[in-house]
Amino acid sequence: MGYGRYIVVRVLNALLVLVIAVFLVSLIFSSVADRELRAQIEEQIAAQMKNPELLKIFSVNKTARDIWYQTQKEILYKRYGLDRPLLQRVMSRAIDQLKLDMGKSHTLRSATGSSDVSRIILEALPRTILLFTTATIIVTIIGLILGLKAAQRAGSMLDKSLSIFALITYSFPMWWVGMLAIILFSYYLDLLPSGGMTSIPPPEGTLERIADIIYHMILPVSTAVLVSFGGWAYTARSVVLSQFQEDYVMAARAKGVPERKVLYKHVLRAAAPPIVTMMVFGLLGSLGGAMISEIVFNWPGMGRLYWIALQEHDVPVLLGNTTFSIILYLASLVIMDLIYGLLDPRVKVGAQVAV
Amino acid sequence: MPLLEVRNLKAYYLTSRGPVKAVDNVSFDLERGESLGLAGESGCGKSTLGFSLINLLPPPGKIVDGSIKIDGIEVVGKPDEELRREVRWKKISMIFQGAMNALNPVLTIGDQLSEPLIYHQGVSKVEATERVKEHLELVGLDPDIYKRYPHELSGGMKQRAVIAMALLEHPDVIIADEPTTALDVIVQAQILNLLKSLKKKLNLSIIFISHDLAVISEIADRLAIMYAGEIVEIGPSENLYLNPRHPYTQKLLGAIPRLKKKVERLEFIPGAPPNLIHPPSGCRFHPRCPYRFEPCDKEEPPFIEVEPGHYVRCHLFAKR
Amino acid sequence: MRWEDFKASLSDFWFEFRREKSGIVGMVILIFFIVLAVFAPYIAPADASAHWRDVPYWQNLPRAVPPAWTNVFSTKKKPPHLILQPASTDVRQMGQITENTFVFEYDFTYDDYPTDLMLLISANITDPAKPPTLVLTATRPDGTTVDLVSTKLAGSGVGEQRLLISSLKDFKARLVGFAREYENPEVASTLEYQLIDPMRILFSEAKEGIMTAKGAAPLKGKYVFTAKVYTFNPADEISEPKLVMAGKVYGLLGTDTLRRDLFSGLVWGTRVSLAVGIVSSVLTTLIGVIYGVASAYFGGWTDEAMQRVAEIVASIPVLPLLIIIFEFYKPTIWPVIILMTLFSWPGTNKVVRSMGFQLKEMQYVEAARALGAGGRWIILRHMMPQILPYVFASIALGVPGYVLLEAGLSFLGLGDVSRVTWGQILHDAQGSAAALNGMWWWVVPPGLAIAMLGLSFALLGSALNKILSPKMRTL
Ligand SMILES: Nc1ncnc2c1ncn2[C@@H]1O[C@H](COP(=O)(O)OP(=O)(O)OP(=O)(O)O)[C@@H](O)[C@H]1O
Ligand SMILES: [Mg+2]
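If you're matching them up, the sequences are chains E, Z and G in order.
The numbering used here applies: residue 27 is where the first sequence begins, and numbers increase by one.
The numbering used here applies: residue 8 is where the second sequence begins, and numbers increase by one.
The numbering used here applies: residue 6 is where the third sequence begins, and numbers increase by one.
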């Protein structure tokens, strides 16, 4: 299995999961939405029957009343598509979602004034990616450096404090730490903006605008970094440390390879694939946390879109946002898979890998 | 002067529960061109002895006492950097137990094999490549394997590659720690034959470690039996095979069907191998020894020469 | 395993566990939370959780004030929440009319003002057309007397009435009128009426500046409040009057903008977090273990298929899916747990499966099979005892994730609405911009509780791992 085939398999796998997940979402939604729709239709018919002329006829002729009721019901069921079987409706809804044909929002508008759900979300998506990617890159760098240092000096003060720090932050809700950061840095110290992506109004000039966005990113990014880097460093440390116990390290030392080279050439290269594997879960876990944190920082990304859609019960936005979140999640997964493939010769050069 | 001279070597693992005396008071010599077999139950300290010889014990292991001279150079107490530059792989190299794991899975065979040449002798990449290819051929591998990753090789091929790696700098002594254990019987025989022919061809001095006496008998000129961190009997292979003196050796040999057949375990010796943190007093084998008598649990038995060059550590042979 | 062996290994385990300091710390924190959860009805009001969304239930408390102990750290003493009982009671009959006089005394020795003034009273009114009338006056330490209100109580029925006096227009108008006599007219005329705090006037020195936040100085001393309640039917009854001085600080953890006691919420929230965390983790681990063992045991084609399914489930994004499910089904706590479990078992399955394979290759399992032992016997006899230690560590390490997940969903406003959870408290805090307004007492404790509960399990889990994993390696 060469790298090319590996990529294809991973992408196909992600697509399969995407279809399954979107189908599930549609199923969940349809089963509830239909119930509500039926109730609405009943109400509508009942309201129509209040018409005095109709009432006059019905009071005489009971069967006419039943027939009228039935036909009305059929007309409305047809109009709302309730006459088709559930599975068919779920399928067509899922396909619409996958085609990014997500309907119109009741309450929200995009910057260009469109109420098209996919437009609205496509506006939010890059902002979420911007925040998340920035945080991830910083966390990775800090985590790797610290983890390596700790592994080199296993049992030292640094190592011990890192472990404790990782354990403590392991269970911190990122969004809560965000709230604390706002209290401290915005409310009490008044150093940083409490939220939003730009000042209001945004400054003139491209450079100023970028600087303004970076200024607004400081608090959310630092929060994500603070909560995540301990865990990452600890993971890196454990993987590197377990590599140190492998025979090939002893062999390299016996061969007379200098200690620095042992670390950077042998251990680090071999540790990279398992580090990537272990970090996939941390990364995807923090994606959820990061999206919820957007709410706290009023960052106009997908997380805040969730918040608004949930408050307003804006169903099309909710469904669309879910589909996009699934896509974002699976795309991250595929990217991690690709990186893994590049780092592990067992994938890249392609013999059978026993998974 | 012997090529390798080990005297009163003590190598302990300093654990939180106390020192594990994995090698305790071991002395022996190795002449040039000679092969010494080292046998004993699992956990008796064979690998530890091997690692001590290149002074590269995994933590918390430490050589606490004794002397190791390779070609006249004292290894114990020598700074790590000097060891790295002058001794390791140049004077003494090692074929690791479970050779599959001695290769880094993410580096090519060529990359890993050329390392000692590059770091020790400062040769160019091109020259290193040439020499590595020569040695790959020497151990019966296709030189093109150079570009391959370990996972693309079979177990036997990996083992050959590791042997080639050990030979690269023509060291005085090669330690082979169970080089055949993880292989199936046919490949095992091939590797043994390879080592035998290399030994003859290159006049190698080998310390061959195994818990499998049948395998050792194929290659060893002399044989040392280890029990609980000590060498309990050492002598010419033939002597030991035909006329084992130590009760432990006798048990060990008695367990081998005389046909050359692999023996999986030596568990049939009644009783468990001793705890190496608190080894039994006196003779360490006495709790399991059928011939034990009055001094065995009190006095440590001396090393007694029972025949020329054949020594045994047992009270039965003490002259009183 | 025989009982003696079990006891022996348990005491072995306990011996080692006691030496793991982190495990002990985790254990102590966990016991603390368990005590909170079990004794919640005794530590906090027993009906607080059920009434969390019942706004009137909390009306007697001050609105959005920090905890009482903050006074210790501040030089400005803030008034605590006080419920005053009448110092004296007097009833006079004047024909059909009954005059009930209640006198309350309030020692005001603080540097800040109470937030609200409330009257609680039990009334039994026979004729709804003739509601009782309340006249409240205050005599201040400087001897001045202020008429605060004269208003009608609710006319109908039996029961406790609650009058938020400080929000009555009449109350404010009278106090502003009182203050005008002393305030600089220029200042008084430019002040925005909205910004004048009548409570501040009531408790400030009668001098220039009384109407402004800057100029006012607290007038310390004894305040006497006289409440006269007139009823117009001899059958009417008035009893148990109480005057509430809603403080600027309250209780152990203060209150939120809906006047809810945050301490009660925190205590009751422990139950949900603990239950969700533990039960979900146990369920997930069980499913994972059974699935993994089965997969390893059957091996071959079945194993392949089972692992493919597991891989797909593992890559389904949990949070978006849960958001949808929660929004549309509005589940209560137990379905919540099951839903969270449904997507999380593949991790455990993977580890257990590979352990199972290792064990399977070990000879004694082979031997057991050769002897013709049934499949179930092999698994139970050989795999389970080896996997069990891992199971405990994995359960403990799984809990923080579920606590976080439940909190996250609650924070989004999803989840069980029939009881209070830590995440919901933070949801409300976010909705009221508590962080932006520096209301740390609303934000810090619930999040800290989430973090500490998670930490306790993380500590326990890592200690378990440390003790149990060397044993696993020698397997
Ligand atoms: N890192 C270590 N820490 C503590 N004790 C160790 C360590 N490594 C080995 N030991 C102990 O030292 C003793 C000797 O181990 P060693 O690996 O040398 O045995 P061996 O004879 O090579 O066994 P095998 O035939 O199984 O390879 C064993 O009892 C082992 O438990
Ligand atoms: Mg060994």
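Just to be clear, a hint being listed does not mean it is correct.
Claimed, not checked - Listed next, with one range per pair, are the computed distances between beta-carbon atoms:
no.	chain 1	residue 1	chain 2	residue 2	range
1	Z	Val71	E	Ile33	50 to 60 Å
2	E	Arg295	Z	Arg39	57 to 67 Å
3	G	Ala438	E	Lys82	38 to 48 Å
4	G	Trp19	Z	Glu314	52 to 62 Å
Calculated from the structure, these hints are not laboratory results.
Glycine included, C-beta positions come from ideal geometry on N, C-alpha and C.
Hint-by-hint comparison with the structure:
Range check, Val71/Z to Ile33/E: Cβ separation about 54 Å, and the 50 to 60 Å hint holds. Range check, Arg295/E to Arg39/Z: about 38 Å between beta-carbon atoms, so the 57 to 67 Å window is missed. In this structure the hint that Ala438/G and Lys82/E lie 38 to 48 Å apart at CB is violated, the actual value being about 57 Å. At roughly 56 Å, the beta-carbon separation of Trp19/G and Glu314/Z lies within the given 52 to 62 Å, and the hint holds.
Checked against the numbered hints listed earlier, the structure breaks hints 2, 3; every other hint is satisfied.
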